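*Asks:* In order, the protein sequences belong to chains A and B.
Straight run, no breaks: the first sequence in the numbering used here ends on number 321.
Straight run, no breaks: the second sequence in the numbering used here ends on number 1321.
No lab work stands behind these hints, which were simulated from the structure alone.
Errors might be hidden in some of the hints.
[Said to hold, decoys possible] Pair by pair, the computed Cβ-Cβ distance ranges are:
(1) E1172(B) to D315(A): 30 to 40 Å
(2) A1100(B) to D161(A): 47 to 57 Å
(3) G1275(B) to E36(A): 52 to 62 Å
Keep in mind that this is a model prediction, so the values were computed, not measured.
Just so you know, even glycine gets a beta-carbon here, dropped at the ideal spot from N, CA and C.
2 protein chains.
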Amino acid sequence: MLLHPHPKLQGMPRIAVHEVAPRDGLQMEPRFVPTEAKVAWLDTLSTLGYAKIEVTSFVSPKAIPALADAEEVMRRIHRAPEVVYTVLVPNARGAERAMAARADEFNLVMSASATHNLANLRMTQAQSFATLREVTTLAQQAGVAVNVSLSCAFGCPMEGDVPAAAVLHWVERFAELGVQAVTLCDTTGMADPGQVLALCGAALACFPGIAFTAHFHDTRGLGGANVFAALQAGITRFDASLGGIGGCPYAPGASGNVATEDVVHLLTCLGHDCGLTVEGLADASRLLRAMLGHDLPSAVGRAGPRWQRHEPPVDLVRTFR
Amino acid sequence: MLLHPHPKLQGMPRIAVHEVAPRDGLQMEPRFVPTEAKVAWLDTLSTLGYAKIEVTSFVSPKAIPALADAEEVMRRIHRAPEVVYTVLVPNARGAERAMAARADEFNLVMSASATHNLANLRMTQAQSFATLREVTTLAQQAGVAVNVSLSCAFGCPMEGDVPAAAVLHWVERFAELGVQAVTLCDTTGMADPGQVLALCGAALACFPGIAFTAHFHDTRGLGGANVFAALQAGITRFDASLGGIGGCPYAPGASGNVATEDVVHLLTCLGHDCGLTVEGLADASRLLRAMLGHDLPSAVGRAGPRWQRHEPPVDLVRTFR
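With the sequences and hints as input, model every part of the structure.
*Replies:* Below, the structure written as structure tokens:
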């Protein structure tokens, strides 16, 4: 399976893949997936080799009805010991619920763009940061890990470019709170690989103590290019969404997260071990498709991996053999 | 428009974009586009900044009815002096027709995969190479430029991996005939960016006298990644197909060529000048869509460029301003 491991990439550390479809994907789906089906699907995901699974969100059930069953899902899933089960926590109330549900990690969100922060979270950045500090303190007291997902780190559809200095400034403020894990999110698919090389390189150089994850969308056909560039910059953790489901309500025309199948396919082509295989993901992907009742955008899901062989045309065999 | 030019990429030469939709794209379309419409569309393309346009194919009209009007199209288009008008030439008969039509360049095709060569061209590689030699001699006698497009340079859907040594061997044989331009074609979207770095890097290093073009498909979500890797390897010429139309009949599940809009968007993001703009392509893309009567796969055509601003939600403006 390990085709063309490029010499430059040999000896690279194992890559961690974080599955975000159960939260970031399902929250965008118009129809509620029954808890029973979600749990069965999550139990399949737990066996596949993920480093982390974002299970659900402890936002208000009124705000995101698709994830209103957060407590029940967390209670019913079978946890694999090697997987980190993370949940989105928007505020102190969410943190209490997430703690009661024994989440391994709180994923906190704010945006590097002031306008997107207002549009998506209905708070100013100062309000979001204050909330984030409050939740971080609660998590630290309870001994729960924290990850901060910084939205629009590669640009905002309303503001345009977000300066790299602003992104690094927010990371510094998170670090001052004791946060040790930050996800740089290309929330609406504005990243390009040159920018990814530069920003991820700078982030890794400036904050060697932070575990950075990269989170890309495939809005403009650059999801794969950005994963490749992030690998070149030294990023070793990636968010991905099975089938490529998900999106962002405040980004017109935005398509989904990079598909887990596509990311794992790319990693495999490059010779990286990530614990997952394209073949292993296929069943979970079929389950997801059946659950949602619509096709999934993943390119590899549609075309199959590059190592899948096809038969020559029948008349060719007849004529030339 | 020049966003985030990465320092590594600054000072790079101007990138040449070759439009292949009129030949490589249209030949796959089920319905015949009237000659009048083709010519009007080609005349629009000629004004946009392309280095080269693949106008049509001088294969047998019976084999590809979609391009049966090759002579008439070549006669009626208005040529821009700075654009190279290339045509596909399969054999000596095609070369005579292409010369009569005053093509600037003959684009000859053979495959790096023996099986794909048989399937696609119905000839062995030895037969194809003999034909190629014959046509190259005719072109040289007539003072017409030649480009060889080497299919399956990054893998074959039937054979699997094609060794880099085999690809370089074919380039050497073309060079021995006096060929000065070779396109490395990822005919069915099997290339990955690590392989592209390695193979394009080796080709450029081994054959400094050859003008290499890279030709990618977006079958597995890696079109953009492969263009980025090819740029890093030093490739400065790219085939692309407006709207992302095209494909390959002998590659099940294969999707189209990388879309010109997507490639130009990527080049612009990286700070490369290619003479084209995403905005300039939009009219030609709309014309193509109307001509074909179906949507086009281009991601940037759908989502718009990253620098396109969106308004914040109306209620946000009301609440916070």
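*Asks:* Provide an ascending list of the numbers of those earlier hints which the structure does not satisfy.
*Replies:* Checked against the structure, no hint fails, so every one of them is satisfied.
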